[in-house]
Amino acid sequence: MFSIRTKLILFTSLLIVIISASVCLVFFIHQKRVHEEELKKLGSSLVMLLARDNEVKLALSHVQYVFLSNPIKKMQAFDRDEEIGYWRISNNSMTVVEEKVSLKDVEMEEIPIMRDFQNPNIPFINRIKTSSGNTFYDFSIPIFEKQIFSEEEFASQILDYMSFEKDQEILGFVQIGLSTHKLNEKINRTILYSIIPTGLGIGLGGICIMFFITRHIVSPLQRLASITQDIRKGKFPRTIDIRSKDELGQLSANFNQMTNTLNEYFNDLKQEITKHKRTANALRESEEKYRMLLENLPQRIYYKDKNSVYISCNENYAKDLKIRPSQIKGKTDYDFYPKELAEKYRADDKWVLDSGQTEDIEEKYIKDGKELTIHTVKTPIRDEKNNIIGIPGIFWDITEKIALQMEAIRTRQLASLGELAAGVAHEVNNPINGIINCAQILVDNSSKEGEDVDMASRIIKEGDRVANIVNRLLSFARHGNNNNLKNNANLHDILSDTFILVNAQLKREGIKVKLKLPKKIPEVTVDSQQIQQVFLNITSNARYALNQKYPKTHANKILEILGEEITINNRPYVKITFYDRGTGIPANIKDKVLDPFFTIKPRGEGTGLGLSISHGIISENNGKITIDSVEGKFTKVAIIMPAAEKSS
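The sequence shown lines up with residues 96 to 743 when you count with the working numbering.
FYI, nobody ran anything at the bench for these hints, they're computed from the structure.
There may be inaccurate statements among the hints.
Unchecked claim - Derived BS3-like pairs (lysine-lysine); straight-line CA-CA distance at most 27 Å:
no., residue 1, residue 2
1, LYS102, LYS135
2, LYS731, LYS615
3, LYS459, LYS445
4, LYS459, LYS414
5, LYS426, LYS439
6, LYS615, LYS581
7, LYS136, LYS277
8, LYS439, LYS417
9, LYS685, LYS731
10, LYS741, LYS719
11, LYS647, LYS607
12, LYS434, LYS445
13, LYS459, LYS434
14, LYS195, LYS136
15, LYS414, LYS462
16, LYS135, LYS224
17, LYS602, LYS696
18, LYS696, LYS741
19, LYS731, LYS614
20, LYS496, LYS480
21, LYS480, LYS424
22, LYS644, LYS728
23, LYS719, LYS459
24, LYS424, LYS370
25, LYS281, LYS135
Start from the sequences, fold in the hints, and give me the full structure.
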């Protein structure tokens, strides 16, 4: 980086060079033009002197060329600087009658004879350069028959070109060439004795001016710059010596005063900085504690602006979203959740913003593709003008808590069911045993096979099944174990026995059954009567849903039963799916349909125990029931049980 002194020297030097060169160039051009005009004036005078000389006219008109010597001598007398390089006199037929070359290497054949003139009263001037490198100013003019003025008149009116009459006859032509070597010598002398001294004088004057500026302006400014460098480093005591009373002196005095003021401000600022550092350290420690608290809390915490755009979040929430905390800024719920769930979250945000109140709710949450239940608290944040500027939120997973609560409720319900089942078993078993005994007597007393015997046998079989159902109900309510009744069963047989009981009723109601079960579907290790009870309960629910949607015969009044073998964790399972296009299950009660005593059927048409008992039976057999339903469209109930181990 150049100093101001260097910059000023460079600038002044450049300015001096430019001014000197400009002045010298202008002076040179002017002097060159002056010398050229003098040369042209001399050439015009000489050529006109010969053209107007009576002896020249006499020599040409009488062809007595001896008369040319005297005029030529007079012409040469005017050429004191020997600038005439050549001269030529020719007659009107362009024949040269007299010519002479004063310089070597000049061939007159290269110099043309002029005969066409725009104005015959004015010499024609032409610049000619020969092959030898010589340059001439060529002056040509015609010689007329009649003399216009005497020599004395010519001397007084040499520059006032006079008109000639139109009837004058041209006798010939005069041509004189003046060499430029004398002109160049004059120009060189001008450069040597005028232009160069002028340039040197201007340069010397510029140097003096530059020295003055450097001494009286630049040096004080450099001292000022040096002190500012010290001030930048914190060295305030140094001041500027005041050496004059002009503007620079006033500037120095003001600068010294400013330095003292800055020194005072600097000391005060250091004290303030020390205080701020202590405050900042305390604030940083507080923020660190707050950050550690947020990061270590198991809850998910976030902060949104008034447009429901995320500003920040803690580490636990970021992990759920599979991002880093810094990446959440500028995102919205639409970037992380399904559209319906995101719109629900934003509607909650809007309620908080509009009402200005805290919201404390339970809602759904998606984590790793699983739907959880969370407890969320959102509250508005206000600025100093009481305007809401954002919404901090905190939530935690209560799915397990709700499951425990539901299990407690179910336990209480099952306890009630156990008491009810005990009473039912006591009240039902006695008449059932009577029915079975009577039917057995009929069979024993019958001597031959017939329809009556078959009916009595069927009564005994179904009576036993009713008794077993009552016992299973009691066992289910008391969480009994029926492993001693389990054996490998074929699902084809269980389904066949099931539909023997309900087939007549299904046909009467116009419900078609489509059974799609592979012939070689694996067996399952179960109590067949329990599984038949499960199938009957699910079929009953499907029948009710189809009749509700289609009171009369309809093409979609179909119950489809699909069977297939699946693999879960490298283990074979059997999956039986009951599919109907009935009324479906409302989304808000789908999670409750397996609860004891929960039913959507009218009073007197259901107890709410069917699916609950079925769920318990399948769970005891290490299986599970899944329900997929859309209200008004369909219901799919899938039963998944482990396949029986193949005997070796």
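Violated hints, by number in ascending order, as checked against the structure: 1, 18, 20, 24
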